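Colleague: I would like the entire structure built from these sequences, with the hints used as guidance.
One line per chain: the protein sequences are B, U, Z, H, S and F, in this order. Under the numbering used here, the first sequence has 313 at position 299, and the numbering climbs by one with no breaks. Under the numbering used here, the second sequence has 276 at position 262, and the numbering climbs by one with no breaks. Under the numbering used here, the third sequence has 334 at position 320, and the numbering climbs by one with no breaks. Under the numbering used here, the fourth sequence has 224 at position 210, and the numbering climbs by one with no breaks. Under the numbering used here, the fifth sequence has 213 at position 199, and the numbering climbs by one with no breaks. Under the numbering used here, the sixth sequence has 20 at position 6, and the numbering climbs by one with no breaks.
Keep in mind that the hints are not guaranteed to be accurate.
All copies of an identical chain are treated as equivalent in the list; a pair is satisfied when it fits inside any one copy or across any two copies.
List of simulated lysine to aspartate or glutamate pairs, DMTMM-like, C-alpha gap at most 25 Å [as the list claims (entries may be wrong)]:
#1 K336 to D282
#2 K321 to D30
#3 K238 to D323
#4 K319 to D30
#5 K238 to E191
None of these hints come from the bench; they were simulated from the model. Remember, it's a predicted structure, so these values are computed and weren't measured experimentally.
Protein chains: 6
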Amino acid sequence: MSEHALRPSPISPTVDFAAEGVQHGFLRLPYSRDDSAWGSVMIPLTVVKNGEGPTALLTGGNHGDEYEGPIALFDLARTLKAQDVTGRVIIVPAMNYPAFLAGTRTSPIDKGNMNRSFPGAPDGSVTQKIADYFQRTLLPLADIVLDYHSGGRTLDFLPFCAAHVLPDEMQEAKAFELVRAFGAPWSMKMLEIDAVGMYDTAAEDMGKIFITTELGGGGTATAKSAAIARRGVANVLKAAGILKGALETAQTTWLDMPDGNCFSFAEDGGLIEPVFDLGDDVKSGDVVARIYPIGRTGAQPLEVKAKMDGILTARHFPGLVKSGDCVSVLAAVVV
Amino acid sequence: MSEHALRPSPISPTVDFAAEGVQHGFLRLPYSRDDSAWGSVMIPLTVVKNGEGPTALLTGGNHGDEYEGPIALFDLARTLKAQDVTGRVIIVPAMNYPAFLAGTRTSPIDKGNMNRSFPGAPDGSVTQKIADYFQRTLLPLADIVLDYHSGGRTLDFLPFCAAHVLPDEMQEAKAFELVRAFGAPWSMKMLEIDAVGMYDTAAEDMGKIFITTELGGGGTATAKSAAIARRGVANVLKAAGILKGALETAQTTWLDMPDGNCFSFAEDGGLIEPVFDLGDDVKSGDVVARIYPIGRTGAQPLEVKAKMDGILTARHFPGLVKSGDCVSVLAAVVV
Amino acid sequence: MSEHALRPSPISPTVDFAAEGVQHGFLRLPYSRDDSAWGSVMIPLTVVKNGEGPTALLTGGNHGDEYEGPIALFDLARTLKAQDVTGRVIIVPAMNYPAFLAGTRTSPIDKGNMNRSFPGAPDGSVTQKIADYFQRTLLPLADIVLDYHSGGRTLDFLPFCAAHVLPDEMQEAKAFELVRAFGAPWSMKMLEIDAVGMYDTAAEDMGKIFITTELGGGGTATAKSAAIARRGVANVLKAAGILKGALETAQTTWLDMPDGNCFSFAEDGGLIEPVFDLGDDVKSGDVVARIYPIGRTGAQPLEVKAKMDGILTARHFPGLVKSGDCVSVLAAVVV
Amino acid sequence: MSEHALRPSPISPTVDFAAEGVQHGFLRLPYSRDDSAWGSVMIPLTVVKNGEGPTALLTGGNHGDEYEGPIALFDLARTLKAQDVTGRVIIVPAMNYPAFLAGTRTSPIDKGNMNRSFPGAPDGSVTQKIADYFQRTLLPLADIVLDYHSGGRTLDFLPFCAAHVLPDEMQEAKAFELVRAFGAPWSMKMLEIDAVGMYDTAAEDMGKIFITTELGGGGTATAKSAAIARRGVANVLKAAGILKGALETAQTTWLDMPDGNCFSFAEDGGLIEPVFDLGDDVKSGDVVARIYPIGRTGAQPLEVKAKMDGILTARHFPGLVKSGDCVSVLAAVVV
Amino acid sequence: MSEHALRPSPISPTVDFAAEGVQHGFLRLPYSRDDSAWGSVMIPLTVVKNGEGPTALLTGGNHGDEYEGPIALFDLARTLKAQDVTGRVIIVPAMNYPAFLAGTRTSPIDKGNMNRSFPGAPDGSVTQKIADYFQRTLLPLADIVLDYHSGGRTLDFLPFCAAHVLPDEMQEAKAFELVRAFGAPWSMKMLEIDAVGMYDTAAEDMGKIFITTELGGGGTATAKSAAIARRGVANVLKAAGILKGALETAQTTWLDMPDGNCFSFAEDGGLIEPVFDLGDDVKSGDVVARIYPIGRTGAQPLEVKAKMDGILTARHFPGLVKSGDCVSVLAAVVV
Amino acid sequence: MSEHALRPSPISPTVDFAAEGVQHGFLRLPYSRDDSAWGSVMIPLTVVKNGEGPTALLTGGNHGDEYEGPIALFDLARTLKAQDVTGRVIIVPAMNYPAFLAGTRTSPIDKGNMNRSFPGAPDGSVTQKIADYFQRTLLPLADIVLDYHSGGRTLDFLPFCAAHVLPDEMQEAKAFELVRAFGAPWSMKMLEIDAVGMYDTAAEDMGKIFITTELGGGGTATAKSAAIARRGVANVLKAAGILKGALETAQTTWLDMPDGNCFSFAEDGGLIEPVFDLGDDVKSGDVVARIYPIGRTGAQPLEVKAKMDGILTARHFPGLVKSGDCVSVLAAVVV
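Modeller: Put into structure tokens, the structure is as follows:
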């Protein structure tokens with residue numbers, strides 16, 4: 015169906031995206047339910063505009079249990095002054111706001127995974143309505159898009175900033191320039207196999223310069239990972255000419271996930287013993303984790319092995335693992 | 015009521031604690047419920063006995079979301095050979111087994127916090143029945159007791175081994191000797207203010223040599239923390255003369271939690287930004303964390319401040335914090 | 015897709031809509047689920063037919079927590095005699111029957127809001143199947159349609175009967191004639207902005223004379239509001255020529271909701287203190303409610319203000335309010 | 015067991031009850047649980063002290079779904095100035111704070127009904143720990159005690175202030191003097207049959223002057239009922255000499271609940287139709303409500319009848335009723 | 015504590031146990047809760063009295079998912095005429111009424127297992143209050159007590175009637191006489207090892223003649239098992255002289271459960287394949303069931319073996335089994 | 015939409031369907047969720063291939079609470095040797111694996127009823143993704159399809175094997191030949207009225223020879239019903255030429271469900287007393303079950319009557335029944 019045939023979004027902003035200055039407000043999404051017949055989801059956002067210049071759309075909480083982005087963006091929203099900006103900054107610190115309030119990856123309302131919900135639908139579920147609003151209202155306003163991710167409660171990542179390999183070389187080059195500017199300790203070149211429903215793709219398909227991150231995980235943030243997130247967004251806005259000043263440069267190591275062999279999955283559930291930590295060098299064939307059966311003592315653990323050489327880039331986080339869970343992700347250092 | 019008046023424990027072991035050799039079995043605790051009229055909780059345990067010598071009682075999973083202990087003990091249970099032992103080792107890798115299966119601090123059956131359930135009761139809740147069995151059957155068999163803890167899903171700790179300041183100087187000295195043998199990177203001298211219901215106290219009141227640990231947290235283990243746990247138990251068994259061989263020594267820093275000023279609590283809920291990481295030096299008056307209101311952008315965060323100088327020893331783990339949560343724990347280095 | 019292409023409804027009635035006399039029966043909707051592999055939802059209905067004449071379709075429980083309609087209609091269903099009727103009366107006291115049984119606005123089965131589920135679907139969720147049966151079977155049988163509403167558990171309303179401003183002036187005039195006949199203390203002229211999925215619109219689009227009500231709320235009924243509901247349906251059936259006898263007239267005040275300024279929404283959650291009661295005169299700028307933060311004492315409440323002059327026509331009901339909830343609705347008296 | 019043998023309360027206040035001036039703070043109750051290992055319940059309170067004089071202890075939220083008390087007390091806490099007070103006012107707007115946060119009668123933590131939990135226990139459930147703190151710390155500080163109630167989500171009451179018939183005539187007389195001062199539209203003389211576990215009794219047994227209220231219900235407050243609550247507490251503090259100024263007098267009607275015949279209970283569940291509203295005169299034998307079976311149309315409703323003459327003083331609130339629910343309470347006017 | 019010190023039961027019956035004739039009524043147990051502040055549990059009962067004679071107390075639904083007793087007793091309650099009775103029959107078809115309504119073994123209110131709740135407590139949980147009422151009010155009225163059981167949702171039994179081996183030979187002999195009169199296909203002599211909290215023991219300790227049954231299971235009844243239950247109670251009342259007429263005799267086989275070897279428990283969870291059916295002859299060492307691991311295909315099932323020769327008398331019912339579940343019970347035929 | 019336009023299935027098998035020999039593996043279906051961001055559903059399967067010959071696709075657990083199929087197929091999967099096979103056998107013992115793990119008819123993830131989910135969708139819910147994989151990958155590989163069913167937790171059936179009356183006489187004849195080979199005690203000729211979404215129809219529409227069973231129910235299996243299932247699949251594979259050897263023949267009685275009169279539904283909920291057992295002869299007008307109201311004693315039960323003569327072939331299983339539940343199914347013996 016053509017987008018023009020879609021009914022209008024039910025979401026109404028309490029801010030004026032064209033107005034100058036700092037506005038703190040909400041995206042109000044009507045949500046009728048048992049505990050509030052005429053209730054709404056109120057998604058906080060801040061718009062800072064000053065004269066002409068590019069628009070940056072900054073988002074955290076695409077998954078509700080990832081915290082570096084919301085920390086950097088709630089902080090930026092309250093401290094950014096109009097006079098420091100050239101152009102416009104739109105800050106949505108918690109994109110899937112119901113999920114963020116619940117501290118869960120997906121929305122407690124509809125189990126919607128925001129990053130698999132694009133392009134969304136104005137008459138769909140709450141998550142789809144939010145996606146549709148980004149698709150049809152916010153993304154078209156943007157020139158550059160920074161979407162923060164981390165591993166969430168069930169995964170842990172080396173801190174990296176990333177962009178996708180894209181068919182448009184110019185668009186790709188600009189994105190990797192911003193990745194470099196972000197200045198995370200690690201940087202990743204991603205080839206998306208299955209991009210169905212992703213915010214990334216929605217933005218890239220409109221020709222926006224899109225970058226993303228994975229900055230830790232486990233459902234927490236550290237002083238270190240929060241600092242990476244805050245420095246990163248400032249660097250990106252400077253690189254885009256929206257903020258003034260020199261980048262706070264930092265060294266980064268470039269990584270690459272070449273193919274499906276980078277993933278190892280559990281074929282049994284149990285108690286997981288990690289054998290390597292994030293950043294460790296792993297060789298193909300190494301045992302990356304042991305899974306102990308927990309029904310009795312004395313049984314042999316299942317060994318999960320690496321299928322390539324690489325750096326341990328992500329790992330299963332909780333102490334118990336279920337059959338089918340991703341146990342480890344390896345990446346190759348780009349030299 | 016005198017203990018002698020208590021009815022017998024409903025728990026029946028499938029092992030013989032007096033038998034020589036390696037036995038893998040269960041503590042079977044009848045538990046009638048809607049989904050199993052004549053069901054039981056089956057708590058795995060291993061007993062390894064060889065000749066005369068002291069008995070070590072080794073426990074993990076006192077809280078069900080703490081993993082270094084279970085990893086070290088499931089592994090020890092399957093690898094320990096009778097001929098390596100002088101005396102007896104009783105291994106219960108997951109003491110609050112229903113909590114361990116659920117991955118939660120307390121038991122999903124009765125919300126029982128095992129470490130506040132002693133001395134337990136044979137006709138109480140499931141958690142109380144398990145506590146009673148330790149109180150009246152397992153602890154009396156033991157000479158030394160090692161009970162593993164970590165921070166669980168909601169706290170994170172510097173890795174340390176610890177014992178209590180005790181009225182009996184000899185007992186205390188022996189315990190600290192084992193703490194030193196354990197060989198964690200940090201070691202703690204604990205003065206327990208409120209010992210009501212603790213396993214520690216139950217053991218110490220019987221004159222047992224009792225040590226415990228905090229080895230990380232967040233509801234996960236790392237390769238590093240699991241290695242500390244495994245090396246620690248081997249060292250302790252060697253120091254007790256139950257295993258042969260030299261201790262794998264490691265340097266430790268001694269810490270002390272002098273008074274209630276070591277704790278800072280949240281007086282508001284929200285998104286927490288940690289300002290220090292575990293092991294960092296903090297000065298009295300420093301902001302240790304900021305708590306952002308999450309209902310809107312643009313609001314000032316609440317600052318949580320340190321009330322003493324010290325090392326950041328424990329911290330709130332999840333990315334969201336609730337009013338009343340412990341935000342940080344500082345400890346003083348003992349010089 | 016054309017309606018003719020739809021598969022038949024899975025619902026089978028146990029009554030014959032063409033038969034003379036009084037029939038009490040069910041709409042049986044097969045619903046296979048974990049607790050009943052071959053179960054059904056049994057929606058009670060009564061059909062009273064006598065000779066030739068118009069058909070009135072009377073419904074309550076469109077939302078499951080609104081009670082004046084079900085009270086009036088369960089009572090009418092058991093007392094209406096065939097000989098008193100000229101034409102036909104179809105009574106469904108609890109349209110969204112699973113929601114009515116649960117006492118909730120939406121269906122506990124699929125969270126379906128009946129009044130946003132039209133035209134429904136024969137192979138959709140349970141709520142959509144019910145909507146489809148009304149769309150394709152019951153509405154086509156009707157000449158006039160009365161659908162009872164109240165505020166439900168989370169809103170409270172002044173008691174009014176209402177109809178919509180319609181493009182067909184004749185249809186609109188007939189509807190307002192019935193509103194007048196209903197004889198509620200207040201009467202409302204509604205301009206529907208967003209009619210997607212409404213039963214009202216489904217009926218009106220077929221050219222039916224459709225009226226509705228809001229008769230109170232809070233998830234209860236009073237002796238007074240129940241009496242308004244009972245008298246109203248008798249008056250409407252008399253005005254339509256289906257029942258004989260004179261209308262029990264009562265005075266009514268006509269209201270109008272001119273635009274979006276009639277609504278005030280909460281931008282913070284907390285304890286709500288209403289400053290006006292239903293029926294009170296409010297001036298633009300008046301504080302209609304205060305919202306106290308509940309995390310601590312001593313903080314300033316948020317003031318919610320009126321954006322127009324008017325009568326307080328609806329208000330948030332529960333003692334606690336959530337960000338995004340509708341706090342108050344004002345209406346202008348039509349003079 | 016003698017009270018002196020009880021262990022100390024685990025609750026620590028963040029205020030100093032002996033200090034002069036206005037203090038806003040918390041009762042911090044440690045509460046270790048799955049989602050916060052070292053968490054606490056933070057019960058807000060305000061203490062206002064100025065020189066010598068009596069102490070009033072003011073509480074709302076004894077049941078968590080009753081709102082007039084919390085509204086009056088959150089408001090009083092933020093507006094009361096030290097210089098206006100002679101003596102001391104201790105304000106706890108939400109006594110069963112976890113229940114208040116959840117909007118439920120009882121605590122979501124332990125299902126504790128605060129008003130059946132006295133004298134409480136320092137090592138009991140969360141609700142029992144709060145009761146114990148009132149029993150052993152707060153009540154002993156007080157001279158007069160005002161505890162606000164309303165009907166909550168499932169009952170609705172005529173607004174009245176009340177005190178108990180007591181063995182100590184002086185104590186009783188002082189209490190009824192405060193009831194009169196409170197100035198609710200109705201006033202009640204209560205003879206408590208079953209006082210087990212009540213806060214009222216705990217206070218009265220210590221010789222405190224105790225009054226209580228029922229000011230509405232349904233889980234909401236109105237502008238009218240909130241005003242009664244606010245005026246009442248001001249009047250009471252003036253009558254006690256803690257505040258200066260004249261009482262805002264209002265006329266009151268005195269009621270009496272003579273015996274068990276004042277209650278009518280449902281012996282079937284279904285849809286309830288109230289036949290009388292609060293304040294109506296009812297004669298013995300009158301049908302006070304009808305209960306319609308909701309499984310089918312056409313069935314006779316069960317009639318619930320009055321067993322005495324009286325004023326309808328309380329009624330079942332929700333639109334559905336369950337077998338065993340109290341349907342109505344009648345009271346006799348004292349002439 | 016002495017029983018005389020207990021406070022009175024909160025339960026009030028709506029029948030008069032001393033009145034002649036047939037009375038259908040309730041035991042009303044006040045139960046204040048979130049969804050009904052002044053609600054009650056209404057336990058249906060029937061009392062039929064005619065002149066002088068013994069009193070039989072007949073109970074079903076001690077566990078809420080066992081149906082032969084409730085079927086026989088709801089039927090007896092509606093059909094028993096006063097003139098057919100000599101003495102008194104007290105019928106409580108669903109003793110743990112909240113459990114019966116929920117179709118669960120234990121009460122959904124407090125997880126109370128009625129048959130482990132005696133002697134109960136008047137200020138305990140709902141289940142304990144019911145037990146206390148039986149303990150202090152109903153059992154003292156009775157001469158003979160018949161308490162129906164079946165296997166419930168998780169066990170299945172051969173249909174038998176049973177009594178306990180008792181210290182008082184006369185009491186025991188009278189009980190076995192009633193077992194014989196009941197006339198189930200199988201009859202059981204039970205030696206209770208752990209009688210703590212049982213209704214059986216409560217009755218026997220008062221010197222009552224107590225018999226019980228196990229008449230099937232799986233959470234259902236069959237035409238056959240319901241007929242056994244109905245014939246059994248008629249026979250027992252005739253044998254007791256309360257009803258007139260000849261017993262409908264049937265042949266029975268006497269069984270005996272000699273010791274703990276009759277039970278086999280699962281030490282692994284999985285998919286259970288029964289190898290024998292109820293009533294089959296099993297030899298010691300036979301595989302009675304296989305438990306397939308369900309995480310993968312190709313793995314060996316665990317074999318559960320018989321530890322004695324006997325008849326398969328009870329078995330685990332659901333298709334999945336959990337570690338610790340009772341898999342089979344064997345009994346020896348008494349020859 | 016044409017199937018070719020569908021995106022590829024997200025499911026990846028860990029086996030090679032074209033490889034010779036025995037392979038035990040999984041269908042891995044990525045399933046991102048709150049408790050595993052990069053988790054998967056791992057559906058066990060076994061493929062046994064040996065040379066050229068037909069392919070049999072064998073499935074159990076289409077509904078997750080039906081056990082004869084999983085028992086027969088987990089057993090066949092671990093015992094079938096490649097050399098015994100001519101052609102290929104694909105065994106999926108638990109098709110709706112999440113439902114099977116939960117022991118429920120439908121999937122706990124999405125409430126998907128597998129047998130109403132065909133043809134499925136690669137971007138739908140988890141259940142739809144599994145259906146799509148069978149539709150587009152597994153069914154095309156098959157020549158004959160055997161799908162096991164039983165009554166599940168809420169129905170009980172006479173044990174029968176069945177096939178559908180089909181437009182293609184040759185296809186129908188081959189299916190009934192396999193039904194005869196299966197050798198269940200009863201055999202059924204089914205005329206499907208409403209085949210929307212069924213696996214049966216999906217297979218038949220591709221021209222596959224499809225047979226199914228109902229082998230008992232109640233959420234359990236017996237030694238007898240498991241033996242029927244195991245013998246049946248061996249017979250079918252022999253009849254198809256995939257296994258060698260003679261069929262273990264058994265006598266069968268052919269049944270027929272002529273029209274809707276074979277079903278009786280409950281119009282009231284309550285306690286159900288079955289009057290006939292499975293296999294009994296029932297005459298039109300006979301009471302097949304009584305439903306007792308459970309709110310009080312002394313009320314008349316509702317009688318559910320047979321609407322045709324026949325054999326009781328299926329019945330409601332649980333002891334309580336809800337309005338709308340199927341109470342009984344009768345079938346006519348084909349002579």
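Colleague: Hint by hint, note whether the structure agrees.
Modeller: Evaluated hints:
no. : hint         : in the structure
1   : K336 to D282 : both (6 Å within a copy, 17 Å between copies)
2   : K321 to D30  : between (52 Å within a copy, 19 Å between copies)
3   : K238 to D323 : between (28 Å within a copy, 21 Å between copies)
4   : K319 to D30  : between (54 Å within a copy, 21 Å between copies)
5   : K238 to E191 : within (23 Å within a copy, 36 Å between copies)
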